[in-house]
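Protein chains: 4
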Amino acid sequence: MAEYDLVVRGGEVATGFGTTRCDIGIKGGRIVALAENLADGAQVLEAGGLLVLPGGIDSHCHIEEPSRGGYVGTAGDVPVTVNEESFVTASTSAFAGGTTSVVCFVPQWKGEGILPRIADYEQRAAKGMLDYSFHQIITDPTEDVLQREVPQIVAKGIRSLKVFLTYEPLHLSDEEYLKVLVTARKNGCLVTVHCENYAAIKWRTEALLAAGLTAPKYHAWSRPPVVEREATHRAIALAELVDQPIQVFHVSCAEAAEEIARAQHRGLKVWGETCPQYLTLTAADMDRPGFGGAAFMCSPSPRTTEEHARVWEMIRRGTLDVVTSDHCGFSMGGEDGKAVSGRDAPFRDIPNGIPGLAARLPILFSEGVSKGRITLDEFVRLTATNPARLMGLAPRKGMIAVGADADLALWDPKKQVTLTNALMQHAIDYTPYEGMQVTGWPVATVRRGAVVMRDGKVQAEPGTGQFLARGPYDYI
Amino acid sequence: MAEYDLVVRGGEVATGFGTTRCDIGIKGGRIVALAENLADGAQVLEAGGLLVLPGGIDSHCHIEEPSRGGYVGTAGDVPVTVNEESFVTASTSAFAGGTTSVVCFVPQWKGEGILPRIADYEQRAAKGMLDYSFHQIITDPTEDVLQREVPQIVAKGIRSLKVFLTYEPLHLSDEEYLKVLVTARKNGCLVTVHCENYAAIKWRTEALLAAGLTAPKYHAWSRPPVVEREATHRAIALAELVDQPIQVFHVSCAEAAEEIARAQHRGLKVWGETCPQYLTLTAADMDRPGFGGAAFMCSPSPRTTEEHARVWEMIRRGTLDVVTSDHCGFSMGGEDGKAVSGRDAPFRDIPNGIPGLAARLPILFSEGVSKGRITLDEFVRLTATNPARLMGLAPRKGMIAVGADADLALWDPKKQVTLTNALMQHAIDYTPYEGMQVTGWPVATVRRGAVVMRDGKVQAEPGTGQFLARGPYDYI
Amino acid sequence: MAEYDLVVRGGEVATGFGTTRCDIGIKGGRIVALAENLADGAQVLEAGGLLVLPGGIDSHCHIEEPSRGGYVGTAGDVPVTVNEESFVTASTSAFAGGTTSVVCFVPQWKGEGILPRIADYEQRAAKGMLDYSFHQIITDPTEDVLQREVPQIVAKGIRSLKVFLTYEPLHLSDEEYLKVLVTARKNGCLVTVHCENYAAIKWRTEALLAAGLTAPKYHAWSRPPVVEREATHRAIALAELVDQPIQVFHVSCAEAAEEIARAQHRGLKVWGETCPQYLTLTAADMDRPGFGGAAFMCSPSPRTTEEHARVWEMIRRGTLDVVTSDHCGFSMGGEDGKAVSGRDAPFRDIPNGIPGLAARLPILFSEGVSKGRITLDEFVRLTATNPARLMGLAPRKGMIAVGADADLALWDPKKQVTLTNALMQHAIDYTPYEGMQVTGWPVATVRRGAVVMRDGKVQAEPGTGQFLARGPYDYI
Amino acid sequence: MAEYDLVVRGGEVATGFGTTRCDIGIKGGRIVALAENLADGAQVLEAGGLLVLPGGIDSHCHIEEPSRGGYVGTAGDVPVTVNEESFVTASTSAFAGGTTSVVCFVPQWKGEGILPRIADYEQRAAKGMLDYSFHQIITDPTEDVLQREVPQIVAKGIRSLKVFLTYEPLHLSDEEYLKVLVTARKNGCLVTVHCENYAAIKWRTEALLAAGLTAPKYHAWSRPPVVEREATHRAIALAELVDQPIQVFHVSCAEAAEEIARAQHRGLKVWGETCPQYLTLTAADMDRPGFGGAAFMCSPSPRTTEEHARVWEMIRRGTLDVVTSDHCGFSMGGEDGKAVSGRDAPFRDIPNGIPGLAARLPILFSEGVSKGRITLDEFVRLTATNPARLMGLAPRKGMIAVGADADLALWDPKKQVTLTNALMQHAIDYTPYEGMQVTGWPVATVRRGAVVMRDGKVQAEPGTGQFLARGPYDYI
Ligand SMILES: [Zn+2]
Ligand SMILES: [Zn+2]
Ligand SMILES: [Zn+2]
Ligand SMILES: [Zn+2]
Ligand SMILES: [Zn+2]
Ligand SMILES: [Zn+2]
Ligand SMILES: [Zn+2]
Ligand SMILES: [Zn+2]
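Residue numbers (our numbering), protein chains in the order written: chain A, 1 to 476; chain B, 1 to 476; chain C, 1 to 476; chain D, 1 to 476.
It is worth saying that the hints were derived from the structure and are not from the lab. Worth double-checking, as some hints may not be accurate.
Given that identical chains are not distinguished, each listed pair holds provided it fits within a single copy or across any two copies.
Unchecked claim - Pairs of lysine to aspartate or glutamate residues, derived as DMTMM-like cross-links and limited to a Cα-Cα distance of at most 25 Å, are as follows:
(1) Lys156 - Glu176
(2) Lys415 - Asp455
(3) Lys414 - Asp120
(4) Lys27 - Glu3
(5) Lys415 - Asp144
(6) Lys217 - Glu175
(7) Lys110 - Glu175
(8) Lys156 - Asp144
(9) Lys415 - Glu306
(10) Lys457 - Asp287
(11) Lys269 - Asp377
(12) Lys269 - Glu175
(13) Lys457 - Glu378
(14) Lys156 - Glu258
(15) Lys202 - Glu143
(16) Lys269 - Glu378
(17) Lys156 - Glu143
(18) Lys217 - Glu12
(19) Lys202 - Glu175
If we strip away everything but chain A, and leave its shape as in the complex, we get (with noise of 0.2 Å):
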């Protein structure tokens, strides 16, 4: 009987220090071996000419999340909707684009508390094939859900509280907000934020949509960098007072990443995520006739492309130091995504989101690495190491090193691609990214030893994603 399940062979291995050239071996799910010349497994993977990479991690997306009342607050009575993109297709997508694990969103319904949606939501993530861990989101911080259910969701490992401070009728007041640092900090949860100021992009709507002011590209106009920094600056004063670690979501301009910066020169536990779409889209791609601007709108709103230089700068100075997708789709067509309020909505109307949960690693890995903004070992801690080291995943996941779960994708850095939408695999009926040519790509993902994805194909059995249980924070 084969020493191995799998090995990996002569690959170009990213070990944290540029890359080896080496074999792994695979057992049970886990690496067992680096090493050179290793004996041939039960099955083998030929890297050759390739590098190897920790399988990605994307700590931040939408799948299969159900909302109350749609997603752009209408509220009331409506009924709930659920996000088109499914833990089954999210696999796909993400094993498509080298990613094999998520923490998605589990939600809170204001006037209720979180463990009926943590029971529905762990009920549809089994289905999957992705390994999966969750955030909860709190957006009703009420004592029975603070006191009595927070330990609760600890206990099984969920350690991430996630809270809004725009958005209705998810937002919270400093109040609420404080509330739930306290808490977090009680528990050992990371906080996550979402930081735009909710009065004033309230206010700024408003008067655009009083002005006539309501085709897509007004959404930029309604929540410029200031709205964003304003928010950083508070969610992170806050949690300096009550001394609870956070990470800021999605930063989207240097403003915004300098109260990063200048919070962790204090000393403070305070971490930045940024988004391909920060890197890469801008706001005069909402600016286009009808509702053609909608496939790219999402909050933060994107900027501009000096913008992109200067949050790359931010990724450099390892101000931002983690890179997801923020993962949120909703087609252009039909009646529930993007037109759930028709194609003539204002704004304000249309969902917030964009999909890219397989165009991440691509894009990431061609503007960064390809152009020669970032090392390859940028890019593996901001993709894998880095969100896995956070989110408390590690060292079971975001690295190849004995030990570890075998989670890989095997990369083909001189490979050009056009993206489009049938690359994405994902549910959604378009990419924000069709048309943009990459140099790198992904080849073949393993997860947990299984080879999942070969040549884009996917192959892998829904319900054989896990859930990640995890520990108390080494950070806090």
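Chain A is fixed; fit chains B, C and D with the ligands onto it per the hints.
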């Protein structure tokens, strides 16, 4: 008949460029000549050996200010309380300390408009001897107030709107603050802001009280610098969004001042004020047995001696360019002042504020000029020229120049005085500066050509103060 | 007999606090009264509709300056060259432009002492009509010069030592510069410094010439901002070591100014000067056919329009607080000026310097005040008050105040003028600002009570200028 | 025959991502396998309960370094002195402390070329047991040296040029330094720089000695942080001009490090090194009776405990990314070491330098990792991975990865040791760290698969060290 009503002879006159030895000829309440060897006027004031400074302008003081429900937010049906410092006593105190003009506050009561409060307050103010102008406090920014009433008060020459970001029930939400900013912008007003985070202070206060930490010194614990920095950044960011100038009141610490400096470097019209208490008092002053600490309780809280040094640096850098008293006195004795909730009241229930109208100039001169921290020019700008300009009172007020009102403080720069409450000549039964040694003292005060104080003796007829109507700001 | 020799009537007088409408009474060359409606003097100058400003002080100009071996460092036995701008022509030009006092440079020749050069230069300067003071250049800091001679010139009232960190053969080594700093400190002098790195420029120049890149435009290539930043930081660091105040001359770029700002924030007595050429001319101006670019060649080199914006910002922040002309003219025609080494000379052999004595105030007023970049108060401080104070000429010079010298520029703020060389009234045959449009122009100049220019016509007797002896600095 | 020459079994292996529990299989001096449960090799080293770290790389140490005229610049005809630490004693000391490779210095003598010195030094180095590489010191950058000799040493694999900006007679002028930078750029070398201002130290030293302040402690007075900051900024600015990467050696204070941080933020390839002495020793250590202070004398001077905290912060921020020993030992006894000029010699005449080869890793581990200032990953990068990469020794050296040299330090993180000179096992008769308590200690050292130290006992054959030739830098 003499050419001049009054000649001030032989002083070192502060002209904005150091001092010049010359006489000052005054007629009709205005300066009509600065010259060597003027002929005698009807009256002559010998100033040999003295500095002649512009009369102080205290652009932030609370005088005879009515409050519904008391100063500590007990709200409800409690009847109106009026601050014990009347315009007559305040005028006496101001003249004793070399100050000739003030800007004080017209209240607004939630659920009511602002016009009735102005009518009342105009009557009160008219009884004093000081020249005065008003900030209009906005606590309930209804459409009627903003659209109909504000234009009317602007027409009267009230050109600044004051908002609180903390204090129950005064604080505004971000939405309300944005409305005030927009209204100010439309009407050519300055907005002045008390910057502390309401929710953070509330959370801290409740936690302290729940833990039995109720003594006056815990006031400082309830509002550390970070809550001031947070609100300062937010106040600026929202003003930046609206493009509306603001003045940040009573900056107590470098980290809040740094936010102002950053805004100024972005080219914003943001100014910062500080007060003598933030240069001389500390949180430790509130740590006295029993009720004694209440005498030093104001908001923001006094900080530390290290912080004093940093605030001086921010003055020297020009980030903080106005020094006012934030005079807001409550007697320590009796039942209507500091002890309104009893002498065992928890810190939350003790009125905030300290008296400082008479002490402002001597303290700033002594700690600043006499100790070499600032120049005489800087002193004059901080206490007279800059507030006059920022409040729209220049060129009539704030400088010694031909054509300006003859408001003067004759100053003995060598005179050493030990501060006592008697010297303050105010209505309050104590001064927090009792026993402090100062070098430099006002020996005579002239208000519009009338010698209203000599050697500490104030002589002025109640009702002789004038309302100072202001035009649109230069700075807006 | 009239009480006043001259009355300037009805102008808007710049007092340091904006302007005041008043008359100015002058007697014995000094201002003795500022008043409404003065009686007529022996002479009356109507100033209705005009600004009345302090006469300009140009604390950095090269007038009739002797040089041994020419201006381009050919050294050796070459006889003495004298800059073609005499004190008479310079006085005419200065008065034409609203300037009434200058500080110019006494040379030192290597191998010789400084006293002989002063004797010669005093004679030259005494022939002009401008009031004048001297900087003493030190190029050979021998023990005799430093120990014996410097105290003698200080006793005469020469209170600033000028050093070059670049230029053959003028530049000092770090060791020599340290000796000058120490001597200045002992004697109560300011040290003024030309900051560019000698070795870096030499290396770049040799490389450019070796590559055949000899045209005037390569002057800019030979001395990029980094060589100025380097020398600025070094000049400051060594002054910091010795605790000696310095003024950094002709700052051309933000990165050098930033070093000054950093030093000021450390509490050092370091000041920065800039010049109109760094706000209006660019390196591209030197890129003209043939010899034409030589007209714009000065050191540091003009930069870019983007840099101009940054230098304005440094002025507004107060980092750069003096604007001088660095007037150092060489005619474009003839054989002794710019073309001294021939009209095909490589850039290295073309004298550095441009004329600007008359253009300084109009350009700064127009680009600064008329275009809204600075206030009138800032203009007055930059061009008169600050140089007077820093050079130890205040309170006699630099302001309009009772007791000060009656040096005035009557300014028409609305007058539009196209600059031509004829308007400059200097000895040089061109102005680099030919054709530039300005708004704001001096229509009369008064020097110690004498009307020395009206409507461009200068009338003043050679030999009427006075030497301005200076006492120890306030600032040291 | 066993598959492996050596198996290191059961340790916590530092992989760059924290640690992994695995075995290490070594063959032919290289790591060929990292795996769970490897079969035994010819030799087995049990590492249970221990950390397994990459062998330390000390990229700055002075070993058996010849000097003409002694170490204190007496120059002239004095014969050659050789540093008393031989390659054999240094190898023993290094292995005792967990270090397996060094980069040391080939001298150049003024007036001579570099090739003869290399020939001599190669012979010396070949006698040791450590692997080694060279920095070539340049003290006389003649055309012959730069044009003819440097390419020859580069061909040998010597890829770094070391320059001094201070020390008589080693220091280079700016012109000379520029020439070295240009030569390095042409030949693909790194330049490493000792940054202190020569003239400033000379001036201070002469002043101190003239004042009779000659004791060892005045060494610190002669070279305050500002002289280091000045030279650091200058070294960077000139490198920026030439676009040549540099490493700033032995940064002792935050103000010098800040210059490096600023350069990095401008995108420059500038790196900073520090040493344990700047994290633990202070100027006060030199203030001992008599000659005792000489034991702590090195340049730059040790600073203060406050400065230590700031240097740690600069390490955490990544500004300083390499920690070396700057081992440069002189015995306190005898007549050829510290006392070469007598035991009453003024500080100027005492050789600079302290021994630290064996102490470097234990001190940094204990003060850094054990006290929680840095993570284990940071420790590994600072002491092995980063110097390997910067010096062009990676991927062969500096990490534990398949294919890399099997250089290992087995580390007991809990072992508590009191440092003594005996433990240092070097030739010098003292250690400045005598008596210091450390937590964490190397219990075995492996060099290219050979166990060269166990429990403090070093066993290795002289002459087994290898020269490490380097190729062109990744970083240039
Ligand atoms: Zn979000
Ligand atoms: Zn999201
Ligand atoms: Zn307030
Ligand atoms: Zn107040
Ligand atoms: Zn110059
Ligand atoms: Zn000059
Ligand atoms: Zn060194
Ligand atoms: Zn060294």
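In rising order, the numbers of the hints this structure does not comply with: 3, 5, 9, 10, 13, 14, 18
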